[in-house]
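Visitor: Sequence:
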Amino acid sequence: MKINDILTRELKDPKFAEAYHADKEKSASALALYHTREEAGLTQADLAERANVPQSTIARIERGDNVTFDKLAEIAHAMGKTIKIEFTQ
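Using our numbering, you'd call the opening residue of the sequence shown number 175 and step up by one each time.
For the record, the hints were derived by calculation from the structure and aren't laboratory data.
No residue lacks a Cβ here, since even glycine has one placed at the ideal position from N, Cα and C.
Hints are supplied without guarantee of correctness; some may be wrong.
Using 25 angstroms as the maximum straight-line C-alpha spacing, the simulated DMTMM-like pairs for lysine to aspartate or glutamate come out as follows [unchecked claim]:
#1 K258 x E213
#2 K245 x E260
#3 K198 x E213
#4 K255 x E223
#5 K198 x E260
#6 K198 x E184
#7 K186 x D197
#8 K189 x E199
#9 K200 x D187
#10 K198 x E236
#11 K189 x D239
#12 K200 x E236
#13 K176 x E192
Pairwise CB distance ranges (calculated) [to be verified]:
#14 D239 x E212: 10 to 20 angstroms
#15 D179 x D220: 41 to 51 angstroms
#16 N226 x A191: 29 to 39 angstroms
#17 G238 x L181: 11 to 21 angstroms
#18 P188 x G215: 35 to 45 angstroms
#19 G254 x N178: 35 to 45 angstroms
#20 L181 x T262: 10 to 20 angstroms
Using the sequences and the accompanying hints, generate a full structural model.
Guide: Pasting the structure below:
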């Protein structure tokens, strides 16, 4: 059985679907921060210093832990970036 078939079947369960989509969104923000930081040539420590946050904050966000919009905005601004929010289906 293919993973996409399993996922399609499991997504029919509302509880699974809710958890799956929540984790997917957290992963997307984590990857976005990681890739932007890497493209800027910054280590987690470098970015943390620029954003005036502990390095552990950057690490937690990149792991997919919850983060506030305000904290993401602060970190984005420290890299000379802005955040773009988009609602999609």
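Visitor: Hints first: check each against the structure and report whether it holds.
Guide: Results of checking the hints against the structure:
1. The hinted pair formed by K258 and E213 meets the criterion: a straight-line CA distance of about 17 angstroms does not exceed 25 angstroms.
2. Distance restraint check for K245 and E260: the Cα-Cα separation of roughly 18 angstroms lies within the 25 angstroms cut-off, and the hinted pair is therefore satisfied.
3. In summary, the hint linking K198 to E213 is supported, as the alpha carbons are separated by about 22 angstroms, within the 25 angstroms threshold.
4. The hinted pair formed by K255 and E223 meets the criterion: a straight-line CA distance of about 16 angstroms does not exceed 25 angstroms.
5. Proposed proximity of K198 and E260 is supported: the alpha carbons are some 15 angstroms apart, at most 25 angstroms.
6. As the CA atoms of K198 and E184 are separated by approximately 15 angstroms, the hinted pair is consistent with the 25 angstroms bound.
7. As the CA atoms of K186 and D197 are separated by approximately 16 angstroms, the hinted pair is consistent with the 25 angstroms bound.
8. With a C-alpha separation of about 16 angstroms, the suggested pair K189 and E199 falls inside the 25 angstroms cut-off, and the hint holds.
9. The hinted pair formed by K200 and D187 meets the criterion: a straight-line CA distance of about 20 angstroms does not exceed 25 angstroms.
10. Of the supplied pair hints, the one linking K198 and E236 holds, its CA atoms being roughly 13 angstroms apart against a limit of 25 angstroms.
11. In summary, the hint linking K189 to D239 is supported, as the alpha carbons are separated by about 20 angstroms, within the 25 angstroms threshold.
12. A threshold of 25 angstroms between alpha carbons decides the hint, and for K200 with E236 the separation of about 9 angstroms falls inside it, so the pair holds.
13. Restraint check: the Cα-Cα separation between K176 and E192 comes to about 22 angstroms, which is no more than 25 angstroms; the hinted pair holds.
14. Range check, D239 to E212: about 19 angstroms between beta-carbon atoms, so the 10 to 20 angstroms window is met.
15. Roughly 43 angstroms separates the CB atoms of D179 and D220, a value that falls within the hinted 41 to 51 angstroms.
16. For N226 and A191, the Cβ-Cβ distance of about 38 angstroms falls inside the hinted range of 29 to 39 angstroms, so the restraint holds.
17. The hinted window of 11 to 21 angstroms between G238 and L181 holds, with their beta carbons roughly 18 angstroms apart.
18. In this structure, P188 and G215 meet the distance hint of 35 to 45 angstroms, their C-beta atoms being roughly 43 angstroms apart.
19. The supplied range of 35 to 45 angstroms is met by G254 and N178, whose beta-carbon atoms lie about 38 angstroms from each other.
20. Taken as a hint, the range 10 to 20 angstroms holds for the pair L181 and T262, whose Cβ atoms sit roughly 18 angstroms apart.
Taken one by one, the earlier hints all hold for this structure without exception.
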